[in-house]
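Number of protein chains: 2
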Amino acid sequence: MLAEDDLGSQRERYEDPLAESYYEAFETITRDSNHELIVAELNGTVIGTLHLIFIPSISYQGRLRAQIESVRVDTEYRNRGIGAQMMLWAIELARGRGAHLVQLTTHKSRRDAHRFYKRLGFGASHLGMKLNLK
Amino acid sequence: MLAEDDLGSQRERYEDPLAESYYEAFETITRDSNHELIVAELNGTVIGTLHLIFIPSISYQGRLRAQIESVRVDTEYRNRGIGAQMMLWAIELARGRGAHLVQLTTHKSRRDAHRFYKRLGFGASHLGMKLNLK
Numbered sequence: 086m087l088a089e090d091d092l093g094s095q096r097e098r099y100e101d102p103l104a105e106s107y108y109e110a111f112e113t114i115t116r117d118s119n120h121e122l123i124v125a126e127l128n129g130t131v132i133g134t135l136h137l138i139f140i141p142s143i144s145y146q147g148r149l150r151a152q153i154e155s156v157r158v159d160t161e162y163r164n165r166g167i168g169a170q171m172m173l174w175a176i177e178l179a180r181g182r183g184a185h186l187v188q189l190t191t192h193k194s195r196r197d198a199h200r201f202y203k204r205l206g207f208g209a210s211h212l213g214m215k216l217n218l219k
Numbered sequence: 086m087l088a089e090d091d092l093g094s095q096r097e098r099y100e101d102p103l104a105e106s107y108y109e110a111f112e113t114i115t116r117d118s119n120h121e122l123i124v125a126e127l128n129g130t131v132i133g134t135l136h137l138i139f140i141p142s143i144s145y146q147g148r149l150r151a152q153i154e155s156v157r158v159d160t161e162y163r164n165r166g167i168g169a170q171m172m173l174w175a176i177e178l179a180r181g182r183g184a185h186l187v188q189l190t191t192h193k194s195r196r197d198a199h200r201f202y203k204r205l206g207f208g209a210s211h212l213g214m215k216l217n218l219k
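In the order they appear, the protein sequences are chains E and Y.
When you read off a place in the first sequence, starting at 1, and then add 85, the result is the number in the working numbering.
When you read off a place in the second sequence, starting at 1, and then add 85, the result is the number in the working numbering.
In isolation and in its complexed conformation, chain E is listed as follows (with noise of 0.2 Å):
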């Protein structure tokens, strides 16, 4: 799913087996608490993803921010309300943890995506900047 689309396809590698280094991300995500990684399941087939981490910050009072990477639904499964369904249930998630904040970056180009977060009630105050490393 996360090579699916146009730009998930210039950064991924999709081939059986897969690289090991999305195994030895995937052993250290779920080793570590502040870390959750969700996926939606239809009859044994995975069909979405959404990674929810926890930051602990020095502004705010000091309280936990939670943030969102890596949500993706299967094109097959789109518009059937299963994305918003992960966002709620990790949104609950941050709350009970007592989360002051849910963050995330979205491609600007991603349209659908800005239209969907915001039905979910997400601001766009700010701009989200990235600097690749080679």
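Think of the hints as simulated: they come from the structure by calculation, not from any bench.
Which copy is meant is left open, because identical chains are indistinguishable; a pair holds if it fits in one copy or across any two.
Only pairs whose alpha carbons sit at most 27 Å apart, straight line, appear in this in silico DSSO-like list of lysine-lysine:
hint, residue 1, residue 2
1, Lys203, Lys193
2, Lys193, Lys215
3, Lys219, Lys203
4, Lys215, Lys203
Position chain Y against the provided structure of chain E, taking the given hints into account.
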């Protein structure tokens, strides 16, 4: 410094002694090897802060991403390259740890900050979206 600017003054509590929540966050951050809290010092006084976070990721072939938060320089010491020095230090550290990307969000109203990050090579490719929780 966090409480000093227009946005910060609405969300920080600067008092002596500082709220316990700040100290607890500081403890959590310093214990976690995925976090680096950097301060710039001049004659024993802290005049700048930067929080660097390493985030393992399942996208980008499982590579590490680096994120920067809480970049502040004391108003009396701005425009002297202190912020740039902290940023360049953080970028080098991120490169050294094998991160493929350094990311940050900055409020749309912080135009000086946008120029500052662009000079350092950051592209404003993304929207930064936030959802405040009660």
